[in-house]
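2 protein chains.
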Amino acid sequence: MSKGKPLKNPIITALETRISANHFDAGKVMSDDQVEELIRLATCAPSAYNLQNWRFIAVRSPDAKARLQAASYGQAKVSEAAVTVIVCGQLPTHMDLEERLRPSVEAGFMPHEMAAAWTRAAERDFRGNPQRQRDEAIRTATLGAAFLMFAAEAYGLVSCPMVGFDPSTVMSEFGLAANEIPVVLVAVGSSGDGNWPQKPRLPVSQILETV
Amino acid sequence: MSKGKPLKNPIITALETRISANHFDAGKVMSDDQVEELIRLATCAPSAYNLQNWRFIAVRSPDAKARLQAASYGQAKVSEAAVTVIVCGQLPTHMDLEERLRPSVEAGFMPHEMAAAWTRAAERDFRGNPQRQRDEAIRTATLGAAFLMFAAEAYGLVSCPMVGFDPSTVMSEFGLAANEIPVVLVAVGSSGDGNWPQKPRLPVSQILETV
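These protein sequences, in sequence, are chains A and B. Numbering-wise (this note's numbering), the first sequence opens with residue 1 and increments by one. Numbering-wise (this note's numbering), the second sequence opens with residue 1 and increments by one.
These are computed hints drawn from the structure, not numbers from a lab. Be careful, since some hints might not be right.
What the hints assert, rightly or not - Take a look, some chain B residues computed to stay more than 10 Å from chain A by CB distance: (1) L91; (2) M95; (3) E123.
Stated by the list, open to error - Quick list of the computed label-pair ranges, beta carbon to beta carbon: (4) B:E113 / A:R120: 49 to 59 Å; (5) B:Y73 / A:V105: 21 to 31 Å; (6) A:P167 / B:Q206: 16 to 26 Å.
Heads up, the beta-carbon is just placed ideally off N, CA and C, and yes, glycines get one too.
Just chain A, with the same shape it has in the complex (with noise of 0.2 Å):
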């Protein structure tokens, strides 16, 4: 080994090779207490003023498989998957956010005026506004679809992000709340046999501006 290359830093090699996974092996089940961990890092992502407004229904019964996988247009890596976590964004309000915030506050790091202000802001930018509102739902819900994918593969699992669904289907079957959107489905196991490497990415000089 000494005279090989340097170990690569191991966030780049997962950035580099993470995959989209299409085939998990469905044997491979997973613990109450492993689901909860990659939720619980899944919910480190960053949300606008910390409002944490998304919520993880992790599908793993058959039976809920089974309605999911049907309101999926029938993909089957949905129930292949050891678990299928919808994830669900929240229409943000200023209301939530001194809850929210309060941990912050009795941790010593944050003025109680600062949370006040943070909150009057929030009032700002989303009440009135649902463009804006169903934005937010949709970054945040993301961000924290990632991050579970992160969660992912620290474990040595892989994922697949999925917008291939039904929403309305969805929201009834697994009843969402009015103020949530089923933003992304994230299926996470074992990986199975036959998945495709990371599929090729424009050159850089065709995304990028520098001003």
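Place chain B on chain A using the hints.
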């Protein structure tokens, strides 16, 4: 070391310790190569159909930073960070897909018929559906932003995703096209003094439902 705790997986450490930095070391600059490397890793993020409907504007010059800071309610970190990236989502269209998938077909793992089927599916999803297009642009850009944040972690840098800016000013000042949405800014640089730890999160039991 032999009796110490085992080293934690570096990805888990990154998830748990990443912060949304408010303070950057304004004296630290970044090379062109370093910025390109961060953006290359950001584009390892997944996107629906591998559409890669994103564009990244790296704001680095004092003049451009001043204009972006003015569009971001004067937030100093926009200028203090070595680079603040405007992550743009593009309204997706099936018309781009054949060209995007060609490298996967040429690499030999995607059958040509599958690329054609994906193009038809993307047309079904997006054509004449502006809300779905907007949602998808926000999802894609947010995934790119999340991967950019992880790329920063890999290089020992800190980052801050920001949604506190005026979208129409950003669009006009930085020449976004009509089909582009400025979804999130990501400030990246060396940490300054006085950043907070990661803010407390809700307990998993409050945000996870298992079915």
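Hint-by-hint comparison with the structure:
1. Every Cβ of chain A is farther than 10 Å from the Cβ of L91 of chain B; the closest lies at roughly 13 Å, confirming the non-interface assignment.
2. In this structure M95 of chain B is separated from chain A by more than 10 Å, as the shortest Cβ-Cβ distance comes to about 16 Å.
3. With a closest Cβ-Cβ approach of about 14 Å to chain A, E123 of chain B is found to remain outside the 10 Å limit, as its non-interface label requires.
4. For E113 of chain B paired with R120 of chain A, a C-beta distance near 56 Å keeps the hint of 49 to 59 Å intact.
5. Restraint check, Y73 of chain B to V105 of chain A: a C-beta distance of roughly 23 Å satisfies the suggested window 21 to 31 Å.
6. Taken as a hint, the range 16 to 26 Å holds for the pair P167 of chain A and Q206 of chain B, whose Cβ atoms sit roughly 24 Å apart.
Checked against the numbered hints given earlier, this structure breaks none of them.
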